[in-house]
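Can you build the whole structure from these sequences, using the hints too?
Chain residues, written in single-letter form:
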Amino acid sequence: MTVVSAFLVPGSPLPYLRQDNPPWQPLAAGYEKVRDALQASKPDALLIYSTQWFAVLDQLWQARPHLTGEHVDENWYEYGDLTIDLRSDTDLVDACIAGCADIGIRAKGVNYDHFPVDTGTIVANNFVNPGGKIPLVIAANNLYHGPGETEKLAAMAVEQADKQGKRLAVLAIGGLSAAYFDEEIDIADDRIRHDADDAANRQLLDALANGDRRSASEALGRFNEGTKADMGMKHLSWLFGATGDFKGARVHAYGPTYGAGAAVVEFNL
Amino acid sequence: MSQGKIVGGFVAPHPPHLVYGENPPQNEARSEGGWEPLRWAYERARKSLEEMKPDVLLVHSPHWQTLVGHHFLGVPHLEGKSVDPIFSNLFRYKFSLDVDVELAEACCQEAAAMGLTTKMMRNPKFRVDYGTITTLHMIRPQWDIPIVGISANNSPYYLSVDEGVEQMDTLGVATRKAIEKSGKRAVLLASNTFSHWHFHEEPDVPEDMSREHPQSYEGYKWDMKMIELMRQGNLKEVMRLFPEWVEEAFAEVKSGAFPWMLSAMGYPEIPAELHGYGTVIGTGNAVMEWNLEKAEARDAAVA
Chain A
4 MTVVSAFLVP GSPLPYLRQD NPPWQPLAAG YEKVRDALQA SKPDALLIYS
54 TQWFAVLDQL WQARPHLTGE HVDENWYEYG DLTIDLRSDT DLVDACIAGC
104 ADIGIRAKGV NYDHFPVDTG TIVANNFVNP GGKIPLVIAA NNLYHGPGET
154 EKLAAMAVEQ ADKQGKRLAV LAIGGLSAAY FDEEIDIADD RIRHDADDAA
204 NRQLLDALAN GDRRSASEAL GRFNEGTKAD MGMKHLSWLF GATGDFKGAR
254 VHAYGPTYGA GAAVVEFNL
Chain B
418 MSQGKIVGGF VAPHPPHLVY GENPPQNEAR SEGGWEPLRW AYERARKSLE
468 EMKPDVLLVH SPHWQTLVGH HFLGVPHLEG KSVDPIFSNL FRYKFSLDVD
518 VELAEACCQE AAAMGLTTKM MRNPKFRVDY GTITTLHMIR PQWDIPIVGI
568 SANNSPYYLS VDEGVEQMDT LGVATRKAIE KSGKRAVLLA SNTFSHWHFH
618 EEPDVPEDMS REHPQSYEGY KWDMKMIELM RQGNLKEVMR LFPEWVEEAF
668 AEVKSGAFPW MLSAMGYPEI PAELHGYGTV IGTGNAVMEW NLEKAEARDA
718 AVA
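Chains as they are written, first to last, in my numbering: chain A, 4 to 272; chain B, 418 to 720.
Hints listed in this document are in silico derivations from the structure and should not be mistaken for laboratory results. Quick caveat, the model's predicted, so the values are computed rather than measured. Check the hints yourself; a few may be wrong.
[To be verified] As a list, the in silico PhoX-like pairs of lysine-lysine whose alpha-carbon atoms are at most 25 Å apart: (1) B:K422 <-> B:K498; (2) B:K594 <-> B:K422; (3) B:K470 <-> A:K111; (4) B:K498 <-> A:K111; (5) B:K470 <-> B:K653.
[To be verified] Reference listing, derived: stretches of chain B covered by chain A, where coverage requires no fewer than 3 residues with Cβ under 8 Å from a Cβ of chain A: (6) 467-477; (7) 614-627.
Cβ atoms here follow ideal geometry from the backbone N, Cα and C, with glycine treated the same way.
This is the structure we're talking about:
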């Protein structure tokens, strides 16, 4: 089996930077469970898709062997800085770039120091892969790709890992409902902004927890129709494309990130 | 202290391709040129800016997008290497800039007093967005004038275009009040393209101009119609058509810089000067100037 574990995790830096804030504590604790499960699955590489790394021309892949530095989020800069320590599986990245041609998608790698890695990728890596020990394969979110292309890209990446005989963990980084508080709030009182979003988030999580890919895809369609979702939930499309199928999931945490919905979910493969 | 004033404003788009095409020493990527008509348009704008003798440049950029309110750079000096996350092959630029924190704080306070949510950005490690840097480099490559950097609040996308424009209108009035109280001569920079329909694949040689043209004829026609209205000084009609322009040309002016600048200048009914228009990966880009001081002098001479 190439894909040995798969997770949905939030990309907001708030639960990482302020783990002491009660509404965000469950998400941070959920992330710790993912870290343990991920490490227990002994992957050779971590396949990452974050809704926050945008591309508009071609499909981009992070090709820098080792990225270090500090990152300041453009919105939440007052909560602190994020340390970057990422290593790429460059052999697998190169294979993914080449593999894109086979599925009709133009692609290229980015290999530059000071590259502005997105907040979601940094937060997730710091939570579950401290020290950057597991090498990464990071794909950008091309804004013009729909769920279908996103699934194809993920499946192609798994195929390339399979050819290299590698065990792969999948991280889908993004939120649920995207409606946030657009004025200052007391962060200790953070909650899901709209009750309807809260209900929709819980329905989707229930479908993931108790379903398979087919039923979850149907639930995702309903979710996207009725909710302003984070990037149309393309990060879940990525996970579905990579895993092919799954048998339910464990929801380790669910909560708000400044009004938006977020969850930490481990899929049963 | 004499009253400060806005001496002029520019539409100053930020495709990093323009910096790449110019090959300044600050940018690591090297090119064979490209996008010359737009770069020459900026050369003309640079001359006008020089004559304006501003004390400060205020730039509003769509690539510092903030969710909770309108933010202002609040650190006196910022420097670093800015790598564009989308066009990292073209733009890896070493920047060093001085911020007029006093004026930024004044704008922030005025806007808050008018009911907007505002915040000062005080983190010295903050990475200035490439839109701000590109616009500033293209208009003033000497980097010798302090700046005020303003974020693009997400309201036009999160709420509606009308609600977004309303907020930018308020922000513009607040900006003007702060400038008037400061005693400074200020120039405003609206960092945005017009029609934003673009190609989805990059040529092997990005500066191969045989591949450059408007991606959308509809977008091009919208841009020409709006530029002509601006050249006629008919900003009432520009703002009446604004929502349609945004919708049909996918115009980046939606992000707020353009209505902010027009509001700050008081929607001047004077002809704007078009320094040049060109496309970058198919998007429509105009370098345009409203010279308020010159118009004032003309009016005084006539009177």
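Tested hints:
For the suggested pair K422 of chain B and K498 of chain B, the alpha carbons sit about 33 Å apart, so the restraint of at most 25 Å is broken. For the hint pairing K594 of chain B with K422 of chain B, the CA-to-CA distance comes to about 9 Å; that is within 25 Å, so the pair holds. Simply put, K470 of chain B and K111 of chain A have alpha-carbon atoms about 44 Å apart, too far for the 25 Å limit, and the pair is violated. For the given pair, K498 of chain B sits about 22 Å from K111 of chain A by alpha-carbon distance, which is consistent with the 25 Å threshold.
Using a Cα cut-off of 25 Å, the hinted pair K470 of chain B and K653 of chain B is violated, with the two alpha carbons roughly 29 Å apart. For the region 467-477 of chain B, the assignment as covered by chain A is violated, since 0 residues bring a beta-carbon within under 8 Å of that chain's beta-carbons and 3 are needed. Requiring three or more residues with a Cβ within less than 8 Å of a Cβ of chain A, the coverage given for the region 614-627 of chain B holds, as 5 such residues are present.
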